[in-house]
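Top to bottom, those sequences are chains A and B. Take the position in the first sequence, starting the count at 1, then add 586; the result is the number in this note's numbering. Take the position in the second sequence, starting the count at 1, then add 586; the result is the number in this note's numbering.
These aren't lab readings, by the way, just hints derived from the structure by calculation. It should be emphasised that the depicted structure is a prediction, and the values quoted were computed from it without experimental measurement. Be aware that one or more of the hints could be misleading.
Which copy? The list can't say, so a pair holds if one copy fits it or any two copies do.
To be verified - Below, simulated EDC-like cross-link-like pairs (lysine to aspartate or glutamate); rule was C-alpha separation at most 16 angstroms, straight line:
| # | residue 1 | residue 2 |
| --- | --- | --- |
| 1 | Lys799 | Glu821 |
| 2 | Lys644 | Glu596 |
| 3 | Lys858 | Glu928 |
| 4 | Lys696 | Glu821 |
| 5 | Lys799 | Glu898 |
| 6 | Lys696 | Glu616 |
| 7 | Lys696 | Glu620 |
| 8 | Lys773 | Glu821 |
| 9 | Lys646 | Asp735 |
| 10 | Lys696 | Glu928 |
| 11 | Lys646 | Glu592 |
| 12 | Lys858 | Glu803 |
| 13 | Lys832 | Glu905 |
| 14 | Lys591 | Glu928 |
Number of protein chains: 2
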Amino acid sequence: MVTLKEIARECNVSPTTVSNILNGKPKVSEETRERVLETVNRLGYRPNYIAQGLRNQKTKMIGIIVEDLAQFTTPEIVEGIMRYCEERGYRSIVKNLRLYARWSDSWYNKDSDYHAILEPALRELTSIMVDGIIYVAGHARVIHCFAEDFSTPAVMAYAFDNNPRIPSVGIDDQGAGYEIVRYLIAKGHRKIGVIGGRADNIHTKQRLLGYQKALFEHQILYNPEWIRYAAWDEESAYIEARELLKTEVTAVFCMADRMAGGVYRCLNEQGKRAGQDMAVAGFDGQEISEFFIPGLTTMALPLRKIGHVSAEVLLKKIEGGESQGQQDDEAGRILIPCTFIERESIHQI
Amino acid sequence: MVTLKEIARECNVSPTTVSNILNGKPKVSEETRERVLETVNRLGYRPNYIAQGLRNQKTKMIGIIVEDLAQFTTPEIVEGIMRYCEERGYRSIVKNLRLYARWSDSWYNKDSDYHAILEPALRELTSIMVDGIIYVAGHARVIHCFAEDFSTPAVMAYAFDNNPRIPSVGIDDQGAGYEIVRYLIAKGHRKIGVIGGRADNIHTKQRLLGYQKALFEHQILYNPEWIRYAAWDEESAYIEARELLKTEVTAVFCMADRMAGGVYRCLNEQGKRAGQDMAVAGFDGQEISEFFIPGLTTMALPLRKIGHVSAEVLLKKIEGGESQGQQDDEAGRILIPCTFIERESIHQI
Numbered sequence: 587m588v589t590l591k592e593i594a595r596e597c598n599v600s601p602t603t604v605s606n607i608l609n610g611k612p613k614v615s616e617e618t619r620e621r622v623l624e625t626v627n628r629l630g631y632r633p634n635y636i637a638q639g640l641r642n643q644k645t646k647m648i649g650i651i652v653e654d655l656a657q658f659t660t661p662e663i664v665e666g667i668m669r670y671c672e673e674r675g676y677r678s679i680v681k682n683l684r685l686y687a688r689w690s691d692s693w694y695n696k697d698s699d700y701h702a703i704l705e706p707a708l709r710e711l712t713s714i715m716v717d718g719i720i721y722v723a724g725h726a727r728v729i730h731c732f733a734e735d736f737s738t739p740a741v742m743a744y745a746f747d748n749n750p751r752i753p754s755v756g757i758d759d760q761g762a763g764y765e766i767v768r769y770l771i772a773k774g775h776r777k778i779g780v781i782g783g784r785a786d787n788i789h790t791k792q793r794l795l796g797y798q799k800a801l802f803e804h805q806i807l808y809n810p811e812w813i814r815y816a817a818w819d820e821e822s823a824y825i826e827a828r829e830l831l832k833t834e835v836t837a838v839f840c841m842a843d844r845m846a847g848g849v850y851r852c853l854n855e856q857g858k859r860a861g862q863d864m865a866v867a868g869f870d871g872q873e874i875s876e877f878f879i880p881g882l883t884t885m886a887l888p889l890r891k892i893g894h895v896s897a898e899v900l901l902k903k904i905e906g907g908e909s910q911g912q913q914d915d916e917a918g919r920i921l922i923p924c925t926f927i928e929r930e931s932i933h934q935i
Numbered sequence: 587m588v589t590l591k592e593i594a595r596e597c598n599v600s601p602t603t604v605s606n607i608l609n610g611k612p613k614v615s616e617e618t619r620e621r622v623l624e625t626v627n628r629l630g631y632r633p634n635y636i637a638q639g640l641r642n643q644k645t646k647m648i649g650i651i652v653e654d655l656a657q658f659t660t661p662e663i664v665e666g667i668m669r670y671c672e673e674r675g676y677r678s679i680v681k682n683l684r685l686y687a688r689w690s691d692s693w694y695n696k697d698s699d700y701h702a703i704l705e706p707a708l709r710e711l712t713s714i715m716v717d718g719i720i721y722v723a724g725h726a727r728v729i730h731c732f733a734e735d736f737s738t739p740a741v742m743a744y745a746f747d748n749n750p751r752i753p754s755v756g757i758d759d760q761g762a763g764y765e766i767v768r769y770l771i772a773k774g775h776r777k778i779g780v781i782g783g784r785a786d787n788i789h790t791k792q793r794l795l796g797y798q799k800a801l802f803e804h805q806i807l808y809n810p811e812w813i814r815y816a817a818w819d820e821e822s823a824y825i826e827a828r829e830l831l832k833t834e835v836t837a838v839f840c841m842a843d844r845m846a847g848g849v850y851r852c853l854n855e856q857g858k859r860a861g862q863d864m865a866v867a868g869f870d871g872q873e874i875s876e877f878f879i880p881g882l883t884t885m886a887l888p889l890r891k892i893g894h895v896s897a898e899v900l901l902k903k904i905e906g907g908e909s910q911g912q913q914d915d916e917a918g919r920i921l922i923p924c925t926f927i928e929r930e931s932i933h934q935i
């Protein structure tokens, strides 16, 4: 097999130049780059990234395991991770567990099925000697993902690992729920209905806590009859909206933009309009919220930032040499605030 | 380093059983699975996928290169690829070039910048000895991606490689444009405006060709004044919609759901309604189209199917042993039809 040095000799450049070109670094003339790549192709040289890793002790490669690439939150988190890693000279590679595609949303009760999918992915990444792993969850919950003695540096993004040595980076659901309800109150609304996600979900519970705190702070009574739960989708939210619109609420706080879609449909059927006859708040800041008429006021999830911070924490672990179980005993949870997006769906009363 | 055989002996099972468990295959009792995994962890065994590949000649791993994971079309195509690969016993791994994140949509004019990003990704995948590569483009065009002498089996998804030996799997834009316009004509519309994407884009050109064919077939004159081009987004389509709604068109065929959003906004401002005062057709079948009120009639992109077919073609190449430049000279382009979704935005006149 031809070596890097032979390529360099053939092209009359230094081995470092060849290496820089192969690793896509700039600062080389186009002519040299083409000549070297032509020689690489002609002589059939293949850089051995694994051997490179063994030599340097580090592969400068991080592994990203995603629960499901087709969850709307995932690509943006991955983009945040990759942008940061690239800036710091790390490559990255993605493994997709396809959990939602496989089992819809029933899978988080199937612990052994889950581990039968997860473990080969973890082994594959440790086998190609990644320097660290970021696990990107599809929704917030406590997961038993990384074993107590897992020795590769790892970070959990968008959920929490029950291994206390694994740092987790999630969203500040409670703060965001508090903030959007405080905005509704500032607009004069005191009878505020809620369409939450599934009742046992961490996002739902934390956003509801934020709602309750905002009410308490403004000495508004909490009416549990106005709190309804749906399945995060338009259809189930529409059914709850029909009930909620029979009450005296003047505003509805929906814990997902998709669910706000159900409220809009219901209002439309009654000849009513959001931001005029009923205030509607969304959550997530998904693309759909831009297309609602009138535009939906919502809380955007800080997805890129979650990716960015997860990568930052991981690289700190890798470069600090905390790889052999020398992490802090309690790595802690980092909560990233959401971003308020004001549009026209909440009127002053 | 502990071997597979030693693990098997320690657990009193066959090496095949250990291997099956490590590769996540079913048909093993939960008790055995746990015992083996406990032993694997205790003794610190790491399966060497690379060595496995060398032994078997094949790694049973395919590489997926995506132009940008955050393009809305990409995760679904990748899901289609992975589902098929998994069914056939192949693992897969994703490399993300981040082209849109890096350069917005200006990058396809920067050939050497593009190759400086692409080539390290290709080399990395060949270095971990993937059996084949699928390249998932962000939008249709002719790309110079795989060199003439690229020796790993490869398939281009959602665009066309100008290397005639690389099979390409795209969408049947022309057929879809034809079909949706024929539907508008069947509903009595003969004055049909168009809001296309960028004029030099393959999607735009092919969908327009479908529109022209449908008109010709029904002996309807083609009025070039009613063909307008926008930048695929809501804002630019809104500007074109304002002009188009001043003409005598009774229907607007938008080449993206996002652009149909601009027409809806314009109609709303004029106190008009889609599917009543103006027929509106979308394209893409994005999630947003479900949330339009009234629901948007559109053409759904066959993204999973594109992934599925790309993987099918690739595995056929891999398993047919066509890896060393023995592919058909002209591998051909496969066009997958879109799926018509009928909602309420097109009325009979």
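Legend entry - Identical-chain pair category, Lys832 with Glu905, by Cα at 16 angstroms: Classified as neither: same-chain Cα gap 58 angstroms, cross-chain 62 angstroms, threshold 16 angstroms.
Inset, instruction - State whether the alpha carbon distance between Lys591 and Glu928 is at most 16 angstroms within one copy, between copies, both, or neither. - result: neither (59 angstroms within a copy, 62 angstroms between copies)
Inset, instruction - At 16 angstroms max between alpha carbons, let me know whether Lys858 reaches Glu928 within a copy, between copies, both or neither. - result: Neither. Shortest intra-copy (21 angstroms) and inter-copy (25 angstroms) distances fail the 16 angstroms Cα cut-off.
Inset, instruction - At 16 angstroms max between alpha carbons, let me know whether Lys858 reaches Glu803 within a copy, between copies, both or neither. - result: neither (31 angstroms within a copy, 43 angstroms between copies)
Inset, instruction - At 16 angstroms max between alpha carbons, let me know whether Lys646 reaches Asp735 within a copy, between copies, both or neither. - result: For Lys646 and Asp735, the Cα distance exceeds 16 angstroms both inside one copy (22 angstroms) and across copies (29 angstroms).
Legend entry - Alpha-carbon proximity context of Lys799 and Glu821, limit 16 angstroms: neither (29 angstroms within a copy, 38 angstroms between copies)
Legend entry - Homomeric proximity label, Lys646 with Glu592: Cα distance no greater than 16 angstroms: neither (24 angstroms within a copy, 31 angstroms between copies)
Inset, instruction - Up to 16 angstroms between alpha-carbons, please classify Lys644 paired with Glu596: within, between, both or neither. - result: Neither. Shortest intra-copy (29 angstroms) and inter-copy (32 angstroms) distances fail the 16 angstroms Cα cut-off.
Legend entry - Copy assignment of Lys696 with Glu616, given that the CA separation must stay at most 16 angstroms: between (54 angstroms within a copy, 13 angstroms between copies)
Inset, instruction - Indicate which option fits the pair Lys799, Glu898 if close means a Cα-Cα distance not exceeding 16 angstroms: within, between, both or neither. - result: neither (32 angstroms within a copy, 54 angstroms between copies)
Legend entry - Identical-chain pair category, Lys773 with Glu821, by Cα at 16 angstroms: Neither. Shortest intra-copy (28 angstroms) and inter-copy (29 angstroms) distances fail the 16 angstroms Cα cut-off.
Legend entry - Copy assignment of Lys696 with Glu821, given that the CA separation must stay at most 16 angstroms: Close neither inside one copy (26 angstroms) nor across copies (45 angstroms); limit 16 angstroms.
Of the numbered hints stated above, those contradicted by the structure are hints 1, 2, 3, 4, 5, 8, 9, 10, 11, 12, 13, 14, listed in ascending order.
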